[in-house]
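6 protein chains.
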Amino acid sequence: MSSNHDRAIVVSALKHAAPYIRLFKGKTFVIKAGGEIFADIQKTHAFMEQVGILQQVGIRVVLIHGGGPQSTELATALGLRTTFIDGRRVTDGDSMNVATMVLSGQINTRILAICRDLQIPAVGISGVDAGLIRAHKRPPVKRKGAAPIDYGFVGDIDSVDADILRKQLDNNLMPVISPISCDEQGTILNINADTVAAAIAAELKAEKLILATGAAGILEDLDDPSSLISYIDRSALHKLKKAGKLADGMLPKAAAIDDAISHGVQRVHVISYRLPDSLLLEVFTNEGTGTLVVDDIGKLTPAEQSPAS
Amino acid sequence: MSSNHDRAIVVSALKHAAPYIRLFKGKTFVIKAGGEIFADIQKTHAFMEQVGILQQVGIRVVLIHGGGPQSTELATALGLRTTFIDGRRVTDGDSMNVATMVLSGQINTRILAICRDLQIPAVGISGVDAGLIRAHKRPPVKRKGAAPIDYGFVGDIDSVDADILRKQLDNNLMPVISPISCDEQGTILNINADTVAAAIAAELKAEKLILATGAAGILEDLDDPSSLISYIDRSALHKLKKAGKLADGMLPKAAAIDDAISHGVQRVHVISYRLPDSLLLEVFTNEGTGTLVVDDIGKLTPAEQSPAS
Amino acid sequence: MSSNHDRAIVVSALKHAAPYIRLFKGKTFVIKAGGEIFADIQKTHAFMEQVGILQQVGIRVVLIHGGGPQSTELATALGLRTTFIDGRRVTDGDSMNVATMVLSGQINTRILAICRDLQIPAVGISGVDAGLIRAHKRPPVKRKGAAPIDYGFVGDIDSVDADILRKQLDNNLMPVISPISCDEQGTILNINADTVAAAIAAELKAEKLILATGAAGILEDLDDPSSLISYIDRSALHKLKKAGKLADGMLPKAAAIDDAISHGVQRVHVISYRLPDSLLLEVFTNEGTGTLVVDDIGKLTPAEQSPAS
Amino acid sequence: MSSNHDRAIVVSALKHAAPYIRLFKGKTFVIKAGGEIFADIQKTHAFMEQVGILQQVGIRVVLIHGGGPQSTELATALGLRTTFIDGRRVTDGDSMNVATMVLSGQINTRILAICRDLQIPAVGISGVDAGLIRAHKRPPVKRKGAAPIDYGFVGDIDSVDADILRKQLDNNLMPVISPISCDEQGTILNINADTVAAAIAAELKAEKLILATGAAGILEDLDDPSSLISYIDRSALHKLKKAGKLADGMLPKAAAIDDAISHGVQRVHVISYRLPDSLLLEVFTNEGTGTLVVDDIGKLTPAEQSPAS
Amino acid sequence: MSSNHDRAIVVSALKHAAPYIRLFKGKTFVIKAGGEIFADIQKTHAFMEQVGILQQVGIRVVLIHGGGPQSTELATALGLRTTFIDGRRVTDGDSMNVATMVLSGQINTRILAICRDLQIPAVGISGVDAGLIRAHKRPPVKRKGAAPIDYGFVGDIDSVDADILRKQLDNNLMPVISPISCDEQGTILNINADTVAAAIAAELKAEKLILATGAAGILEDLDDPSSLISYIDRSALHKLKKAGKLADGMLPKAAAIDDAISHGVQRVHVISYRLPDSLLLEVFTNEGTGTLVVDDIGKLTPAEQSPAS
Amino acid sequence: MSSNHDRAIVVSALKHAAPYIRLFKGKTFVIKAGGEIFADIQKTHAFMEQVGILQQVGIRVVLIHGGGPQSTELATALGLRTTFIDGRRVTDGDSMNVATMVLSGQINTRILAICRDLQIPAVGISGVDAGLIRAHKRPPVKRKGAAPIDYGFVGDIDSVDADILRKQLDNNLMPVISPISCDEQGTILNINADTVAAAIAAELKAEKLILATGAAGILEDLDDPSSLISYIDRSALHKLKKAGKLADGMLPKAAAIDDAISHGVQRVHVISYRLPDSLLLEVFTNEGTGTLVVDDIGKLTPAEQSPAS
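Chains as they are written, first to last, in my numbering: chain D, 53 to 361; chain V, 53 to 361; chain U, 53 to 361; chain L, 53 to 361; chain X, 53 to 361; chain S, 53 to 361.
It should be emphasised that the hints constitute simulated quantities derived from the structure, not laboratory data.
There's no promise every hint is true.
Pairs count within a copy or across copies, as identical chains cannot be separated in the list.
To be verified - Capping the alpha-carbon separation at 25 Å, the derived lysine-lysine pairs in DSS-like fashion look like this:
(1) Lys294 - Lys196
(2) Lys95 - Lys67
(3) Lys291 - Lys351
(4) Lys77 - Lys196
(5) Lys257 - Lys351
(6) Lys95 - Lys291
(7) Lys79 - Lys257
(8) Lys219 - Lys79
(9) Lys79 - Lys67
(10) Lys219 - Lys291
(11) Lys194 - Lys67
(12) Lys194 - Lys219
(13) Lys196 - Lys293
(14) Lys293 - Lys351
(15) Lys79 - Lys189
(16) Lys351 - Lys189
(17) Lys77 - Lys219
(18) Lys67 - Lys189
(19) Lys77 - Lys67
Chain D with its partners taken away, still in its complex shape (with noise of 0.2 Å):
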């Protein structure tokens, strides 16, 4: 950058990006990212370092992950099976082994050690530490006509004690969560991470929850890709899913949005991990690039809609 051009780009994007640092800082962000991105280290580091920038720039981040990729070709060079209902895992005793091992061995450590070269202070945590998540084993669900689904060490969570992960903030570290959890007699329990990251942010009284997808956002044809919607709010997205046009992914994704907004966090965002720097753009620019899901449009100010995407 040794152009007089280059060098005003910078002062000129400081600038722009300076209100937003100052309406962010000191809030909670809750980020929730899938497995696909940490699938591939160039991805993953492409990802983290956007992580990072909010971070340091003073933005209170908590990052979950996911790992269903990783956990299904772990479980395939075992030679499991793995199943799926509605979307959600189901989790055998290997199947819980294989998640374990990925979610808070593997993909936890893996996004640690790339903190560490990115210099972004960063602990592990999973819901097993600490009494982070009570959850239970999920009842097998009753069926008309049909047995039972039992999602075998599936977990639902009771209560999420938060005040761990506020000391890690307080401390300035970023807490890394593995989505891991457990019962209050140490079975080991599986919990979908979208799930987590909105009990989380709801816990937190989070600013923002921001769910990184391999999806652009919500679309109002699933068929049809440039029909991005930027803007929603609940009971809109009530109406899409009666309507049966939230793709199976996104099933999952629409109950931990209505949960988060339900429990008062402000701003859900759906945002593709494979559009570069869909993070920041999100953030720092009013356009953002995905899907933002509010409360109530109807009861925004005109101020509430800018300059915070």
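For chain D, the structure is supplied; the task is to place chains V, U, L, X and S on it using the hints.
Frame of chain D, contents of chains V, U, L, X and S only:
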């Protein structure tokens, strides 16, 4: 425990334990437990119950675990091979991934889940978190008349930042440490758990470093299990080593013991996890069950030799 | 304790005690001990050793002592007379001086000296210090057809400022309390030690109030020592009182127990200091040795009735 | 105070006192008051009112009291005898008990009760509490050609733990100290109150040590009350002692003064409690009323000699 | 002060002042001093000496100053004109600049410099600093049958953030406040110093608001200086105002007094800086020298009416 | 900023700035800005916007301002004369008053008002506040063959108490400092703002001292604006001075720079406020725009020379 006799025993034992509790309250014990302990759920439970009692009477406990057998098992299931030189594992990329998943994922999580069951407030951490361990990849070791040994992704410790452990202990949380570490560029590295335990004990200026192993302790005669040494100092340990009387697995332990003591750890205990309640017996009785290593027996005052084992 | 058998006992007892320790750690126990205990150096030592163990395992112990026999002894040596009405001492100026010297001087100091020997960090205090107890001189009690009873320098408590006790407990110091108090004009007043203990337990929202007395506990039949009541609630205690089944010395205790429970103290224990180790047995075994008084037995869940005695 | 003249006096006096208040605010004064003061309720009140004013203007006041006459009185009433050698009391078991009751019980409590009346937040403490004073029983003193002197339960100070006093002062509480102390085995010991005051002043690095006595101060000529020395340093005090010009009661005071100054206390004042308002006059006027002892008069700058008395 | 008589006076005055000191220690006094006081170096010194004594005896003093005469003087020297309506200054751009320089520059700095000389730890601040005062420009006031009054750069207070003042007071610093303020767009605004003082006293829940003025206090009869009202409540003050008996300069003061009391300030004093020592006399004598305004005289208990003036 | 191109620029600039932000977060920058900047509202706004960005990204910014032109302007309006010797202002009583009003009143308040508008939490302070600067009046400077130079109310710094600044910075407040100071007797003194900035930078052990001036930086040839020196060390600066190559206005700056570096300030930057965005360019690009002065260029490692400008 309903008879008067039984009740009298409880009281008598409490009175026996009281001076130990007073002596050790607020002191730091670093305990290293080999992977074998955690290969079996009953053994794990029995061991962690003892650890929990230490924590409950006010000792600041730091637990470091290994995971050799489990890593070997997963590597075998995945068709990988494991090589050892001088009692230390050689680690290629796949092995490193396996070790990461097993140590930081499977074993660490299982220990934390059992802590949840035993109501021990604990938190998992590895050398990768928040700069806990700064390490570098070990350069290939030159050998006369032979190819250099390249241990692969094996690390040597540059420094330990014990501050994060102290904060956890101050918050009444027991750190459960996986020895997986990394260098400043984020290359994940394997480090011998004994070595990690010794470095952490040194940095925390621990009162005790306790190594729970499959052996009964240090033996005078490798072939005679009854030749257990109860009490030894560094110079005598050096002599044993020079005389070739230390078993292969004991070699890295001896180096770790030497390192810890030379950095100010007062007492290092080698105990067998096979002996029931060996941890409690070692801490709460004068005789103990394994081998106690000190700096220099000659320098101890009679008072220092008792009542602490 | 050299045999394997003995050592196993220690371990077994520690495991037995561990859940109690976890349950009571950080909780407040207010213990009131009658003056008889401190009339004998062996008894004092045996009792304080038990108190010290409670303190060492992390219980926040507050000790209140009486001093009736010693006051009587000194009064006799000085040629003074002591009068009791309804189990409460009547206090003229000389008696008040004697009580002050014996309670705040002799007994309090002796307890602290034994604490020094037992390495229990403790600090003496009385109701006169720093506004701990705000009291007023009891007005003469009118009686039909008889002269009013003037209890002399006997006080009734207006309020307790427990803040100073909390600071001492936070500093890991055990308060040893003499019940001598005063009014806001500095008139020194005698207050029944059971009453002081109940008021302090109420103010500290203590987990337990333990009254260590010369009696085995509360008896069903005053004349039958074997009729000890193990477990009773407030309404049953009221019935006993109405039926005239409470001994003279037990009357003020019953009022204090009632007061403590009505202000939120969960459990009040009446134990005998004559029974060896009664304090430890009461705390660390389910059966205990004396009488446990609760608010309403019917309301307790089974879980609440165990494992804490 | 209704006339304009009177009101002008108040204002003028406040202005006079203001620089002293600024100078002494937050500084520590250790005041030792002999037992004679507390033998009379009017004297006690008059003295404590002055102490309270010092405390109210922001001085950190520590008060140590004696109790010789009262101990003698109680001993007499009980038919005991008291012996003095070299101005120090010899203490057998009964005497020790009497001293404990009188000093830690009667006098300490009375002072605290008056503090309650004067709204001085104060808390009683003795050398036995919480390791405040670590002492040992004085071994019998050998004498040439005579039997060794055994002072009985008389202690010599090993160390003072001033931390507990600092916490009380930080909480705006005035410590009222009885000199009764003990050894580490809990043997209760008598220590001269001047000696205790000097040791505590040294440990607290007090600005002033003030000894309030029955004498007007230190006299040039023992037989001439008008020969009061206003200002003296250590070497001159040593000369007086060698010349035999110190009265019996002044001998232990002189040793205490010497000890305090040699440990860094800047100024030691000897004043008479008989002179009305002597404490306030000593602190708030340049001239004072008694004897001021400093390390070395020659080393003082003119500024140091004024305006502080 | 060398005679015994003089010294006795100091002691007697200290005893007189002690209960006031105890009563006011740690309480907050907001003192507003008109610009006239600071037009003369001797007057300033005499007044600040009194303020310093209040601060030294432990009162949390906040000082707000005016600067009318000095502003007029500088405006005159610069050839500007000043207009007043209803006792409030009308402020154009040049006048605002003059007021800023005089109040926040000249007078504030001079007061701080005198504080340096008097060893009063003080720090200057204005309504512009750190959001201390959030104000808005007063909209032109409509009048029937006349053009609206535009007060120019005159502000009305929206809110006071007293946190910064509390931090300064906690650090033992006396805030010296210039009433210059601004709106959220940074337009500098003039606000009447009495109004600022009342708003700050209300926000700090001050014990006293003291207005030091050129007048002796509030008069019954404007033309009769001997008709000073010593004691008045709000309703009587309202009656005086309605009856037109308040002087021009007293009108904004009366509104400020009313505002302070309605927001919980207990006592407002109006005193004359012309009377020597009026501030100390008002605080440290029952009679005071000026007018004391309370909420409702009828509601005061006798105890509340004394001993505090 | 609606086009994709523009949005990409923001992201790219953020990535560029991130390592600088990480490097400087929590570090202290002392910025001195000459009075010329504040003579114009647009310039002030443009400069303060840059300062605000530094503050918002986590740098601890301390701003010191001058006020020469404005003082001259007011002095002229009042008919006073200003004299300079060796680039330093001579200050009589009237000039001192003018400087106080202009610097501590007008300019300081205007900067704070703009901070309010820019949402920069800031607080004004001068050397007179709370002992920030302890100075003495400069004694007349003797000259050979000429009358001594009396600079009037010009001060020289004895010491800086940076504690109050650290507290403000810890509270996230930016100190805005007027260089007006005083001696211990309260005589108000003028001190060169560069000198004050250097002394404060030294006391705060600032990472950078930045002098924003009317000149482009330090020139090799006074008459050739293109001869700007980018990088220089102390010895080279000394040579320039000896060779007479420093402009008059640069002489006190050179002394201040020398003083700051000799007291441990790592880097001093001289930049021109005339160049748009010069402050941001200097901090966030390697090349900068002005002159960087370091202790000794030869001692810098290559790493130290980059990436921080």
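Okay, the hints, checked on the actual structure:
1. Only within a single protomer do Lys294 and Lys196 lie at most 25 Å apart by alpha-carbon distance; the minimum there is 20 Å, versus 63 Å between protomers.
2. With identical chains, the CA atoms of Lys95 and Lys67 are at most 25 Å apart between copies only, with a shortest distance of 16 Å across copies and 28 Å within one.
3. Proximity of Lys291 to Lys351 under the C-alpha cut-off of 25 Å is restricted to the intra-copy arrangement: shortest distance 19 Å within a copy versus 48 Å between copies.
4. With identical chains, the CA atoms of Lys77 and Lys196 are never at most 25 Å apart, being 51 Å at best within one copy and 50 Å at best between copies.
5. Taking the shortest Cα distances, Lys257 and Lys351 sit within 25 Å of each other inside one copy (19 Å), while across copies they are farther apart (37 Å).
6. In this assembly of identical chains, Lys95 and Lys291 lie within 25 Å of each other by CA distance neither inside one copy nor across copies; the values are 34 Å within and 53 Å between.
7. For a Cα distance limit of 25 Å, the shortest separation of Lys79 from Lys257 inside one copy, 9 Å, qualifies, whereas the shortest one across copies, 30 Å, does not.
8. For a Cα distance limit of 25 Å, the shortest separation of Lys219 from Lys79 qualifies both inside one copy, at 15 Å, and across copies, at 23 Å.
9. In this assembly of identical chains, Lys79 and Lys67 lie within 25 Å of each other by CA distance both inside one copy and across copies; the values are 20 Å within and 21 Å between.
10. Neither within a single protomer nor between protomers do Lys219 and Lys291 lie at most 25 Å apart by alpha-carbon distance, with minima of 39 Å and 48 Å respectively.
11. In this assembly of identical chains, the alpha carbons of Lys194 and Lys67 never lie at most 25 Å apart, being 57 Å within a copy and 42 Å across copies at closest.
12. For the identical chains of this complex, Lys194 and Lys219 are neighbours neither inside a copy (41 Å) nor across copies (46 Å), given an alpha-carbon limit of 25 Å.
13. For the homomeric pair Lys196 and Lys293, the shortest alpha-carbon distance inside one copy (22 Å) is at most 25 Å, but the shortest distance between copies (62 Å) is not.
14. Within a single copy, Lys293 and Lys351 get their C-alpha atoms as close as 22 Å, which meets the 25 Å cut-off; across copies the closest is 47 Å, which misses it.
15. Proximity of Lys79 to Lys189 under the C-alpha cut-off of 25 Å is found in neither arrangement, the shortest distances being 33 Å within a copy and 32 Å between copies.
16. In this assembly of identical chains, the alpha carbons of Lys351 and Lys189 never lie at most 25 Å apart, being 38 Å within a copy and 30 Å across copies at closest.
17. Taking the closest pair of Cα atoms, Lys77 and Lys219 come within 25 Å of each other both inside a single copy (17 Å) and across two copies (20 Å).
18. In this homomeric assembly, Lys67 and Lys189 never come within 25 Å of each other (Cα to Cα): the closest approach is 50 Å inside a single copy and 29 Å across copies.
19. Proximity of Lys77 and Lys67 under a CA criterion of 25 Å is satisfied in both settings, with 15 Å inside one chain copy and 18 Å between copies.
Of the numbered hints stated above, those contradicted by the structure are hints 4, 6, 10, 11, 12, 15, 16, 18, listed in ascending order.
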